[in-house]
Structure formats: structure tokens, C-alpha cells
Amino acid sequence: MLSRAAALLTLALRQLVRSPRRTVLTFTGLVISFFLYTALESVLYTLESVVDRTASQTAIFSRASGRGGFFRAALPQRYVESVRAIPGIVAASPVRFYFGRGRDEGSFAVALGVEAESYLQVRELAVAPAQADAFRKDRAGALVGRGLLESNGWRVGEKVTIRGAGRLPSLSFTIVGAIESDDRLGRVALVHLDYLEDVVGGAGRVSFIQARVADASIAAAAARAVDARFASNAVPTETTTERAHLAMVLSNLSGVLAALRAVGGLTLFITVLVVGNSVATSIRERTVEIGTLRALGYGRGRVLGLVLAESVFVAALGGAVGALLAFAALEGGVIRLPPRIGFTLGSDTSVVLRAALLALPVGLLAALQPAWSAVRRPIHDALRAAD
Amino acid sequence: MALLPFAYTWRNVLARRGSTAVTAAGVAISVMAYVVITATAAGISRVAVGTGHPHNLIVLSEGATSAEGSRIAPPAVEAIRFLPGVASDAQGTPVASPELLINEAIPRRGAHKGGTDARFTSVRGVTPMALAVHDGVRVVSGRWPTHTGEVLIGRLLGPALGGVGIGDSVEFAAGPHTVVGVFEARGQIFEGEVWLPLEHLAAELDQREVSTVVLRVEEPLAIPALLEALKTSRRVKASVRPEPEYYAEVQRGAVAFVYLGNLIGALLGLGALVAGMNTTYAAMARRVREMGTLRALGFGRRSVGALLLVESALIGAAGGALGAALALAFDGFAMNLMGLAFELDVTPAGLGRGLVLALAVGVLGALPPARAAARLEIVDALRRV
Chain A
27 MLSRAAALLT LALRQLVRSP RRTVLTFTGL VISFFLYTAL ESVLYTLESV
77 VDRTASQTAI FSRASGRGGF FRAALPQRYV ESVRAIPGIV AASPVRFYFG
127 RGRDEGSFAV ALGVEAESYL QVRELAVAPA QADAFRKDRA GALVGRGLLE
177 SNGWRVGEKV TIRGAGRLPS LSFTIVGAIE SDDRLGRVAL VHLDYLEDVV
227 GGAGRVSFIQ ARVADASIAA AAARAVDARF ASNAVPTETT TERAHLAMVL
277 SNLSGVLAAL RAVGGLTLFI TVLVVGNSVA TSIRERTVEI GTLRALGYGR
327 GRVLGLVLAE SVFVAALGGA VGALLAFAAL EGGVIRLPPR IGFTLGSDTS
377 VVLRAALLAL PVGLLAALQP AWSAVRRPIH DALRAAD
Chain B
3 MALLPFAYTW RNVLARRGST AVTAAGVAIS VMAYVVITAT AAGISRVAVG
53 TGHPHNLIVL SEGATSAEGS RIAPPAVEAI RFLPGVASDA QGTPVASPEL
103 LINEAIPRRG AHKGGTDARF TSVRGVTPMA LAVHDGVRVV SGRWPTHTGE
153 VLIGRLLGPA LGGVGIGDSV EFAAGPHTVV GVFEARGQIF EGEVWLPLEH
203 LAAELDQREV STVVLRVEEP LAIPALLEAL KTSRRVKASV RPEPEYYAEV
253 QRGAVAFVYL GNLIGALLGL GALVAGMNTT YAAMARRVRE MGTLRALGFG
303 RRSVGALLLV ESALIGAAGG ALGAALALAF DGFAMNLMGL AFELDVTPAG
353 LGRGLVLALA VGVLGALPPA RAAARLEIVD ALRRV
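Chains as they are written, first to last, in our numbering: chain A, 27 to 413; chain B, 3 to 387.
With the rest of the complex left out, here is chain A (with noise of 0.2 Å):
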């Protein structure tokens, strides 16, 4: 079986390396398209697994309902001692944002004001352990992520300000450690609640409360059961999880991913067409070939096969160059968004694979029609065409 299919292979190749010029151009044809397929797939890819790949399975967030804005601090602070007493909640912090002015013009550097050593417990924090001490102690101290720390240009240990936007009071505080991620905590600085209570006034309203549950599979409840809490109370509580939110964010791109989609689907359908236009013309020249074949004996189903392995092959090649090819140009960075958007593009394995398997049906369509019109040709009719 196994040698079957190597002499098959082996014939295929002899029979493209006939007229290569034609091999090379179907193959490079072929490397285009599986390169732009893989590629959009890879975009579709990031974008639908940012909810797995950055959500925290079991944190929830509750806001003041109806209160307009996420940011706002509308939330009574005092709430967040019912939410711990709440089953299923393991710790639970209130946070407050401070907006101050970026770098760039209409760019934000954004503090959130927590409560240290409820906020440690919530959140798992890409932080040195001596950090992270070194955060409960200090008062005016405050963690960094590793994306704020690089745009502005600050290190560690360094007493830093932030001018405030709008009418805010700017805000100082001491950098006592850095948060190793890049997703958006990467992109905030935590800072002590009171003490940002004590610079920009309104002690007791917070922007929201952020809180642990025991187990993914809780979340969903516990969120609803925060909202019961609060629900007769002069502020409401809305409360989301963080993958729900997520979520949400993304659906509002859903035109772009169903276009994404359909340029993707069309680059297929398109090479199955061209494909299948070089395939008929290799086999026309080859008519005289095909028929003296099936009258030395060969069987339709042996000439089919051949015809259909060349396709194949050079469709399998293709596809995975093409597809190697885009992983390499979105992981390496030669493909991406221009900075200002600050999303970034890469790839995965399983795409790339995904996208190669995906060659082999293509070929085999794109060769059926053709093959099989020729093999059905009566020999003699075949034979007829030498002229």
C-alpha cells in the first residue's frame, strides 16, 4: 500500500517536473492564496480567543446600575463588605479610576485605586513578592505595568507624576514594583484607594468592585447574586464576569470578523477555480498520453489517481508554504497594525495546520472535474487527438 503510493507520488512528480514552468506557477499561485487564508485566519483566531486568552475565569465586577459610564465613581464603597459576606466570593476589592494625561495627545494614563491587600488576594498579579510587600506598606507607593513603565519612560524605585485630566489634581506617587503582563493591567498603575481618596476628594464612591469567585463555574451565579443583594437599595449594583464583558467588547467587531470570514472563504473558493484551470490544461495537452495509457491496459481508476496525486501534491506543497509563511510574517511582525490601534496580530499552530490540511481536499476538488472528463474520453477518441 504503502510502496502503492510512493510510486504513484514519485510518477506525480515526474510528470510536474515536465512542464515547469506551469508547476511553479500553480505552485506559487497556491502559496499566495494559502498565505492570505492563513493569515485572515490567524487575525479571526486572535480575536476570538482574546475572551479565553485574557478573560479571568472567575472574576466579576460589579458597578452602581444606571449610573451611566463605567468610570464614573457612583458606587458606595461600603458595599464591598456584603459582597465578601456573599457564598462563593472569595475576596473582594473596590476600585476607583484616576485618569491622567498621557504621553500623547488624547492618550490616558490610567491609576486604579484599590484596596492593597484585598486587590492582591483578587487578582493574581505578575509581581515580585518583596513588590507586592513593598506595595501593602507604602501608602503612596504604587505596582506599574511593564507598558506604562516603557511609554513614559520610568523605572523602578523613581517618584513619578501624573498630571490629571480634566479638572483632576495631578497625582504623585512612589514606583515600588513593576506588573510583568501585557494585557491591560500591563497598562495601569495601582495605587492605595485612600490615598488617591486624599488627592482627588470623594472618599467613599468607587468606580467599581472587583471580586474573586471560588470557581469558574460559580461566576455567572455569584455575579447575579451581588445584584440581588443591592437590588432594593437606592444604588443598584450591576455585576458582570469578566468573560461576559469581554465578550460582549468583541461582538461589537462582528462585521469585520464575518468579512474577515468572507474574504477567507472567497480566497478558497478562488483557488479551487484556478487550480483546477491549470489541472485542465496540463491534462489537455496530455490527451494523446492519457488514452495511449488506458490502451496499453491501465484502468480508469489507476489514470485518475495519478492525475489527482500531481494535483494533490503540488496542492499540499503549496498550502503549507503559504500557511508557514503567514505564521512566520504575523508572529515575526512583518504583517501588523499600525501602532496607534495597539492590538497585535499573531498566530497558532492549530491554525497553521488547520489551514495546510485544508490544501489537500483543495486540490483534490480542483482536479476531480477535469481528471474525470478525461479519463471518461473513449480511448480512440483520445488517441485521435495526435495529430
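No wet-lab data here; the hints were simulated from the structure. C-beta: ideal position from N, C-alpha, C; glycine also. Incorrect hints may appear among the rest.
[Said to hold, decoys possible] Which chain B residues face chain A? A few, computed with CB under 8 Å, are given here:
1. Gly65
2. Phe84
3. Arg111
4. Ala176
5. Pro178
6. Gly273
7. Asn280
Fit chain B to the given chain A structure using the hints.
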């Protein structure tokens, strides 16, 4: 150089219908994808460029760079309204629109609050003066909201929320609100927003301050005096920008699509080019004797080479025309991206560039085979079977 009759070329193109069709289809798809993605960028730009009146100024609180981050207290609003240079209407009232802007994730039709099927939407609390300040805004169906809980929605918001219309409910802030009217705004960004009376929204949010005051000045020459008055005012600490300039920043979103369009168009075009080249080489190989005959009849090398070029260009043009026609079907298609509602704008420039892409693919793809055809020796060609 005697050119071969066009009819000859045309008949050749039609002869090999299968290959012609496939190559043309490849070009068509490249052009269609390129034009549609470019139309997305153009649609976003059109909103950015079209929003705002040249005589309007947006007043934000000092240091604020966007309306969402701005807070102006009522006494300051009054002072701003009466700044020198602000136009007055027939009754002598300043043409100044205080506005409260929030951004909410509004659940789409049929979805529930807090779920994953929601769209970021700007909700703007306005006074009737907003209709005077913002040119081109008019209620096209239904009526202006009068009772608490009633809202207007922009023309493009209904489709974005899954087909919301008059009588339906939109949920944000304090709860469900009833849509009592739809407004259009001549392609401005407001067409994706929810509008409701300022005092209703302020009450819901329990907030006295507004986000911005949009002023209409008599004429641009009055602006320096207005700015000076603002600078020296002790009651108001604010920053002012021309309204069109403020909204021009929306254009940033278009950049990604321009990039994407160029990339995808180039790759698909390249693929079509390679496929076309393959076809043309095959055509050349098949018609060697024919070309030799033509040469023997007296047609020069370049005529014979041009033959293939023109045929390929024709196929490219046909594919381009088809792709352009398909892309046109998407013109005006409503899209919503992260809270920005716009319509795809298939511009003549975009179509033109698409057709250029098609011709380039056709011509460039035929260049190598055409050159090979031109180099044929008559004797060799006629000898070939």
C-alpha cells in the same frame, strides 16, 4: 506596427471560455474585495469629515480631550452661552447647545442587559437648541421626546441594534426607554446615537454637570474675541475646539482598513496575476503555429506579442468590471464598529483604483508570455505541432 484587428482578439478571448472565465473570476474577486474594504475606510472618513459645522465650536472642560471626559457645571454653561460672538436666533436666545454625553453598551433587539449581545452606543442628552446648532439634523419619523423615558434614535442605530424602530425599547442607564422617533443627520456621526432631553438624562444619572456646550458663532472672525473672553473669564475654565476638527479624529479608525484593503487587494491580485500568467503561457504554447502563421503573413514581432497582452488586458478589464459591479452592490451597507455607525462608501476613486488593479493584473501577468511569443522564430513556430 500593424495591430491585429480587435475582432480577432475578441474572438480568441471567447474561444477558450473556461480559462477566460476562471482568470476573470480571479480578477473580479480581487477587485471586489479591494473596493469593498476601501469603501469601509471611505465610509469612516466620510463620517469624520462630514460631522460638524464650520461655524461651530465645541467647548470642553479645561484639559479634557474628549466629551466623555469633560464636565461643565451649570453656572459655567450659562457664562459660556453668553460669550461674545455666539450667534442668536430670532428670539435673541444664544444658539448654544449644552449636551451630556455618555457611552453605553445597549443590548441588541431581543438580548437582555448584561448579556454578550450589545453594542457600544453614544447617548446624548440635548435641548431643542441642538437642532439649530447641528446642521442637517431633523426628525424624519415619529416625534421629539416629551415624556420621561422617551428617546430618539439616529437613522443608523436601528439596524445596528438588530432592527429597532419606533415603539421598541432600548435599555441603558436607569432602564428601558421607548423609541418615539428617528432622526437623520446628513451622514454625521449623530446618526448612530440615542438622543433624549438633557434634563431627563441628567435626572437619570443624578448629575447636574454637562459634557460639552456646542456654540454657533456669527462668523469665524468673531472667534479670537471669544477665545480671549474665555481665557480671561474667572467663572469658566474651558478649552475650545472647532467642531469639525474635533470629529476629524474619528478618521483614525479608517487607517486600519486602508492598510487591510491594500494588503488583501495586493495579495489577491498577485494570486490572480500568477493564475493569469499560467493561462497565458498555456495559450501561447497552444497557439504557436497560429502565431508563426501570423508572422509569416507579415505581422511584426511586437504585434504578435501585443496580441497576448491585449487579450489578457481584456480579460482583466472584464474581471475588473465584474468585480466593480459586485462591489457597488455593497454601497450604502450599514456597518457598526465599536460604537461608530457608518455606511460603506464606494467612491469613484475606489472603483477607479480597483479597475487599475484589474488592468495591472491583466497586463503584468501577460508580459513574460507575450515577450516569449514575440521572440519566436517563424520557422520554429511553423514547425511546431
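Run through the hints listed earlier and report the numbers of any the structure violates, in increasing order. 2, 3 and 5
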